[in-house]
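Next come the chains, spelled out residue by residue.
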Amino acid sequence: MNSFSVKQLFTFEKTPLNLLMAFITIGLLAAFAAGAVAYLIHGHHAYNVTRQHPWGLLISMYVFFVVSSTGLCIISSIGHVFGIPEFQQIGKRAIAGAIITISSGFAVIGLEIGHPMTMVIYNVLTPGLTSAIWWMGTLYGLYLAFICMEFFFLAIKENHKLSKFFGIGGLLVGLAAHSNLGAVFGFLISRPSANGVFYPVYFILSAMITGCYLVFLMYGFRYKMNFPEKVTVMLTKLSKILGMLLAVLIFFEIWKILTALYGDMPERAATILHTIKHPNFWFGEVILGMLIPFTIILLSNAKAIKATIYASITGMIGIFFMRYDLVHDTLIYPMTMLKRSEYQLPPTFLEYFPSPAEFAVGFGGIGLCLFLYYIADKVFNLDESHSH
Amino acid sequence: MARYGMALNYKNCINCRACETACKEENGVLLGRDNYRIWVGVKEAEGEFPNISIMSQVYHPSQCQHCDNAPCQQVCPTNATYYDENHVVRVNPTKCILCTYCINACPYDARYVDNRTVTVDKCNFCSDTRLANGETTTACQATCPTKVRVFGDLDDPKSEISQLLATKEYRRVKEHLGTEPKLFYIL
Ligand code: SF4
Ligand code: SF4
Ligand code: SF4
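Top to bottom, those sequences are chains A and B.
In case it helps, this note's numbering puts the first sequence at residues 1 to 388.
In case it helps, this note's numbering puts the second sequence at residues 1 to 187.
This is chain A alone, in the form it adopts within the complex:
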């Protein structure tokens, strides 16, 4: 832990990049606060969710944050649990990031779930053991406890044995929690386009990809693109891992789409066809999220670290679209296709666009992350310590 005072906490080098980050952070925090107030006053009426489209941007953002957290936890475990030496240095920074992103996720979901306190009580008193949400929530609670302990023994009271113990625990519980989050969608028999094994597996894969992107971004910012030799070696290896993961993801996606379209199964084929034609998918998910980073890694033989860091920005935007589409595309096909009143047209694919309050809370969560990361970076030494 570093010694610090409140004054030190809020002094930083006034470079243009730092100032820009400070403005973005403050703006997003203000948005979060404003969105939270709107929600507290108007409840779900502040959001554009409806009976037919009951989940929206906030569920997407929750998934976005917990995917980030699980991803950072998995990537950090390469060094710290599996003992690959070059990756040991990621440990503290990545686990701090994992704690921060999941906490932001919980803050966002707290403003989406109607009765969080009731949840705390009845999750324990009358647990719904057949509910993927119950498992996901419970396991994520446990996961947070594990990674906090892991961080404690990594950064505050250094103890390699205990940090490894909690690291393994956090990794296993995190994997279980995260695949359960995939199952929240995969278990929906009412939604043929989501139902099946794809999401639980895809969630773990895309978490690992998200973890790589975030490590690139954190290191790019930490070293202002001037990397010491040791970091360059690690990032080059990470870039190779990322390239391979992206190749697997592209392969998965192709087969998911082909199986969904093949045979023109009712509901499923039409839904997938509709969604892949949307720019959210082909531009957001495919070009930004997969192809730009993949091409850079492939063409530079994983050596273009700086370019990969910029590509991690488009990558994270792509990851956002993957999370957004996950929710929207699952719900897009109406559950009843008959019209209910004379002045209505027969239902077609549902429309949804987030309300200002949803944007404020959802993207405000990113402000929480940036702010907490800034504090963590000041308070703790997130670089590798020598006694490690």
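By construction, these hints were calculated from the structure, which means they are not laboratory data.
You may find that some hints are simply not true.
Taking CB as the label site, the calculated pair distances span [unchecked claim]:
no.: 1; chain 1: A; residue 1: Tyr262; chain 2: B; residue 2: Lys43; range: 23 to 33 Å
no.: 2; chain 1: B; residue 1: Asp84; chain 2: A; residue 2: Leu125; range: 12 to 22 Å
no.: 3; chain 1: A; residue 1: Leu261; chain 2: B; residue 2: Gly28; range: 38 to 48 Å
no.: 4; chain 1: B; residue 1: Gln57; chain 2: A; residue 2: Ile250; range: 42 to 52 Å
no.: 5; chain 1: A; residue 1: Lys157; chain 2: B; residue 2: Glu85; range: 52 to 62 Å
no.: 6; chain 1: B; residue 1: Arg172; chain 2: A; residue 2: Thr126; range: 23 to 33 Å
no.: 7; chain 1: B; residue 1: Gly32; chain 2: A; residue 2: Ala34; range: 25 to 35 Å
no.: 8; chain 1: B; residue 1: Gly178; chain 2: A; residue 2: Lys378; range: 52 to 62 Å
no.: 9; chain 1: A; residue 1: Phe23; chain 2: B; residue 2: Gly178; range: 47 to 57 Å
no.: 10; chain 1: A; residue 1: Met21; chain 2: B; residue 2: Gly28; range: 45 to 55 Å
no.: 11; chain 1: A; residue 1: Ala145; chain 2: B; residue 2: Gly178; range: 31 to 41 Å
no.: 12; chain 1: B; residue 1: Gly28; chain 2: A; residue 2: Thr126; range: 20 to 30 Å
no.: 13; chain 1: B; residue 1: Gly178; chain 2: A; residue 2: Val120; range: 31 to 41 Å
no.: 14; chain 1: A; residue 1: Thr126; chain 2: B; residue 2: Glu175; range: 27 to 37 Å
Derived lysine to any residue pairs resembling SDA-like cross-links, with alpha carbons at most 20 Å apart [claimed, not checked]:
no.: 15; chain 1: B; residue 1: Lys43; chain 2: A; residue 2: Pro334
no.: 16; chain 1: A; residue 1: Lys339; chain 2: B; residue 2: Glu46
no.: 17; chain 1: A; residue 1: Lys339; chain 2: B; residue 2: Asn12
no.: 18; chain 1: B; residue 1: Lys43; chain 2: A; residue 2: Tyr343
So the derived list for chain A, only partly shown, Cβ under 7 Å to chain B, looks like this [claimed, not checked]:
no.: 19; residue: His115
no.: 20; residue: Thr118
no.: 21; residue: Thr336
Don't be surprised by glycine CBs; every beta carbon is placed ideally from N, CA and C.
Keeping the supplied structure of chain A fixed, place chain B with the ligands upon it in accordance with the hints.
Here is chain B with the ligands on its own, set in the frame of chain A:
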């Protein structure tokens, strides 16, 4: 106890919507776009004039199917959704956390958010209004001018609904999902 279900002679439906109104009145369902426990789906006639298929025009009264194997119940994290002693699928507002997972999981669009309790609500076969007062019919059934609806105990072989289902051909909605819905559409 009983196992309640409903048979619908839906071909007799004249789309008068008296049932929708009776339900709102009986159960105090609020006004508003998303607030309805029951509805009548309309499928318009197919074909171009003069070859319009009259038979293809259908009025399809619908509501919660009270599935025997209800996805909404399986996904509920706090068991707020439960089967009561009459196999009616109910929501306990004290336990509902408004995660709206059940709304996503229901294949029939039967659920919505009640703005007073701020929890999920849906048809409960008038369980805490009419049935609780000892009545044996639901509001939608009692009001229907063409006697589309027959509500009753599926476990009692002598009940009107059991007799009807024993003698008539029927179909259920999205049966392939394995939800075991308890609304029976008499053909
Ligand atoms: S129709 Fe929907 S709400 Fe009713 S029991 Fe079946 S799944 Fe649940
Ligand atoms: S919204 Fe309420 S009834 Fe529905 S799944 Fe969540 S807790 Fe259960
Ligand atoms: S009251 Fe009867 S006839 Fe009228 S809409 Fe309802 S089910 Fe149809």
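Review point. Can you name, in rising order, the numbers of the hints this structure does not satisfy?
Key: none
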